[in-house]
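Hey, can you work out the whole structure from these sequences and the hints?
Chains as they are written, first to last, in this note's numbering: chain P, 1 to 297; chain V, 1 to 320.
Rather than coming from a laboratory, the hints here were simulated on the basis of the structure. There's no promise every hint is true.
Label pairs and their calculated CB-CB ranges [to be verified]: (1) P:Ala276 - V:Asp83: 25 to 33 Å; (2) P:Gly71 - V:Glu217: 18 to 26 Å; (3) P:Thr257 - V:Lys316: 33 to 41 Å; (4) P:Ala150 - V:Leu155: 51 to 59 Å; (5) V:Gly223 - P:Ala276: 19 to 27 Å; (6) V:Val305 - P:Thr280: 36 to 44 Å; (7) V:Gly223 - P:Ala47: 36 to 44 Å; (8) V:Ala129 - P:Ala276: 15 to 23 Å; (9) V:Asp83 - P:Arg209: 53 to 61 Å; (10) V:Ala224 - P:Thr257: 52 to 60 Å; (11) P:Leu41 - V:Gly265: 35 to 43 Å.
Quick reminder that beta carbons are idealized off the backbone N, C-alpha and C, glycines included.
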Amino acid sequence: MSTVLHTQAAEAADGAAAGGSPRRRTVFEAEVRGRWWRFALMLVITAVVLVPIAVVAVLAFTPGATSTTTGFTLENFTNVFTQTLASTWLGNSLLVTLVTVVVSVAVAAPAGYVLSRGRSKAVSGYSLLLFVMQSLPVITSVVPLFILFADLGLADHLLGVIIVYVASTMAVATWMMAAYYDSIPVSLEEASWIDGCSVFGSFLRIVLRNSLPGVLSTAIFAFLLAWNDYLVAIVFLRTDVNFTLPIGVESFFQQNTTDWGSVMALAVVMMLPPVAVFATLNRYFSVGGIGGSLAGR
Amino acid sequence: MTTTTNGLAKARRGVTPGGPGRAPAKRHPTSPLRAQATRTFFWLLLPSVLLLVLINGYPLVYAAIQATHSGSLIDAGRFVGLDNFTHVLTSAAFWKAAEFTVVFTIVGVFGSWLVGLGLALLLRTRIPARGVFKILLLLPWVVPIVVSSTAWNWLVATPQSPVPALLHSLGLGTPLFLADPTLAAVTVCVFKVWVSFPFMMMMSASALASVDPSVYEAASMDGAGRRQQFTRITLPLIARSTYISWILMTIFCVNDFPTIYLLTGGGPADATNSLVVFAYRTVFQNFQTGPGVAVAFLMTVTLVVVSAVLYRQIRKSSVE
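Okay, here's the thing in structure tokens:
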């Protein structure tokens with residue numbers, strides 16, 4: 001988990017410095033000074049990096065050119081929600097994302113178990129296949145799927161988009177689950193098998209039950225992919241009542257390039273859920289997991 | 001997709017529940033358990049395999065058909081052999097897009113890696129409110145591209161936008177970040193680095209966290225300076241993880257669509273047309289399915305070969 005990062009090296013260095021008693025004070029002072037210099041540096045870097053995000057937040061609460069009010073306002077939000085389909089788009093996005101997350105985890109959790117515990121050539125071959133599929137451009141599959149879905153009545157339908165999202169989360173979701181299962185010792189399961197538990201039983205009752213952090217990081221990954229996606233949505237969703245937020249925001253932006261307040265209000269609505277998820281669950285938010293799981297297989 | 005089914009048949013015969021670690025698992029003495037495990041594995045993997053075959057495999061086959069036909073989105077067209085490929089491979093626009101994709105990928109991978117690693121190293125030292133910085137700096141990666149591209153548009157798009165206006169008031173002229181071809185390419189690359197560095201920062205941070213601090217103690221006792229410690233200890237120890245993060249970021253960059261498309265739409269004068277954007281515009285704006293899919297197909301074949309080779313490399317290095 002990337003967030004559980006300790007400064008053991010720095011602490012070790014401090015310990016070594018504290019050992020030399022005559023120089024102890026000055027070394028300590030230098031270290032404290034260095035600390036504040038680095039703090040100032042980080043402050044500047046972070047401020048610069050966050051300018052575009054701050055812009056969104058500030059403009060969303062700033063009255064537009066035609067407005068009569070000044071200062072802080074929620075006008076842009078009421079405008080967006082009363083004059084556009086924003087609430088429909090928000091609902092669509094929430095639905096698509098929720099279903100994607102649930103189905104991705106439901107498919108990846110068992111598959112990850114096989115990748116973690118299976119040691120045959122077939123299993124590692126499947127892992128390679130997942131990696132290859134993962135690295136392919138989405139555009140290659142989107143055009144054929146568009147034609148297929150059009151025949152099935154799934155083009156311009158949220159279900160079609162959900163299917164594509166689940167398929168595109170699958171590889172990484174499966175690795176993330178597998179990487180988490182790797183940390184659960186197989187000896188626990190062996191004990192249960194001796195007691196007559198089935199393999200499926202031990203997967204469910206021992207491995208999966210202890211994998212909440214793994215499930216959460218996989219869910220967060222699927223959430224971000226489905227919530228933020230633009231390409232799949234723009235290809236498949238054609239009628240405005242079926243839009244998800246990304247293309248809703250984009251189409252609104254194309255029509256109102258001067259009404260920045262409303263555009264940014266919609267942008268705030270769109271970035272709030274991922275930021276909220278991330279703020280509350282950030283300790284499960286590990287990209288290290290993606291790399292680690294890839295390295296482990 | 002026959003490999004998958006063959007693979008599963010093999011799985012049915014030979015899989016054992018094995019322990020974590022790379023050593024081949026010891027065969028469990030009770031063979032009924034082994035058979036049961038194989039059966040269970042089959043069912044556990046089935047939904048995933050079905051999805052892979054139907055949603056990832058089928059379109060690949062269909063894409064191959066489309067790439068050799070003169071069709072559109074509604075009409076399959078007639079078989080034209082490799083005409084689409086020769087058409088694409090002899091067009092200047094394709095090679096220009098390929099060139100931009102390479103530049104975009106190199107800048108995206110190494111730019112975000114350098115920034116990410118630098119910040120991860122800084123955040124490893126003692127800094128007040130370190131945890132807050134760590135979370136705030138991940139925001140560019142968390143915020144949807146649609147939102148951040150809108151913000152970047154507001155900041156740089158027109159001569160009246162804040163950044164050009166600021167530069168103008170500093171006497172640096174009024175750069176047209178998205179209208180000048182070279183500058184637009186630079187802006188898109190910088191935007192990509194801004195979006196991606198948090199990913200690299202997280203990857204680097206978790207790699208750095210796994211480095212045993214006692215190694216540094218030993219090194220400093222042997223008189224190794226800070227720079228030496230970094231080049232001789234830190235970099236080699238995180239090399240494998242760095243390698244993996246480069247591979248992942250290369251794939252992300254080559255396949256990236258929204259970062260480019262939402263900021264510039266591939267323009268001005270196709271200066272920021274990457275292969276994915278090129279394929280998208282060919283299919284959905286010029287309605288030429290054949291050539292568009294041919295571009296995507298060429299990318300696919302390249303990426304399959306490259307990723308299979310890289311995957312082997314990762315596995316090899318992880319066995320050592």
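### Task
Starting from the hint 33 to 41 Å, judge whether the C-beta atoms of P:Thr257 and V:Lys316 obey it.
For V:Lys316 against P:Thr257, whose Cβ atoms are near 52 Å apart, the range 33 to 41 Å is violated.
TODO: Could you check the hint for me, namely that V:Val305 and P:Thr280 are 36 to 44 Å apart, CB to CB?
DONE: About 42 Å separates the Cβ atoms of V:Val305 and P:Thr280, which means 36 to 44 Å holds.
- [ ] Hint says 52 to 60 Å; check whether the CB-CB distance for V:Ala224 and P:Thr257 agrees.
- [x] 57 Å, holds
| message | Quick check on a hinted range of 35 to 43 Å for P:Leu41 and V:Gly265, using CB atoms only. | response | Hint holds: Cβ distance 36 Å, inside 35 to 43 Å.
Looking only at beta-carbon atoms, does the pair P:Gly71, V:Glu217 fall within the given range of 18 to 26 Å? 56 Å Cβ-Cβ, so the 18 to 26 Å window is violated.
Cβ separation of V:Gly223 and P:Ala47, checked against the hinted range 36 to 44 Å: 39 Å, holds
- When you take the CB atoms of V:Asp83 and P:Arg209, is the distance between them in 53 to 61 Å? 57 Å, holds
Original post:
Does the Cβ pair P:Ala150, V:Leu155 satisfy 51 to 59 Å?
Top reply: Given a distance of about 39 Å, which is not inside 51 to 59 Å, the answer is violated.
So the hint says 25 to 33 Å: do the beta-carbon atoms of P:Ala276 and V:Asp83 match that? Violated: the Cβ-Cβ distance is about 51 Å, outside 25 to 33 Å.
Q: Could you tell me whether the CB distance from V:Gly223 to P:Ala276 stays inside 19 to 27 Å?
A: With Cβ atoms ~50 Å apart, the hint is violated.
Is the hinted range of 15 to 23 Å satisfied by the C-beta distance from V:Ala129 to P:Ala276?
-> 21 Å Cβ-Cβ, so the 15 to 23 Å window holds.
Consistency note: the structure conflicts with the earlier hints numbered 1, 2, 3, 4 and 5.
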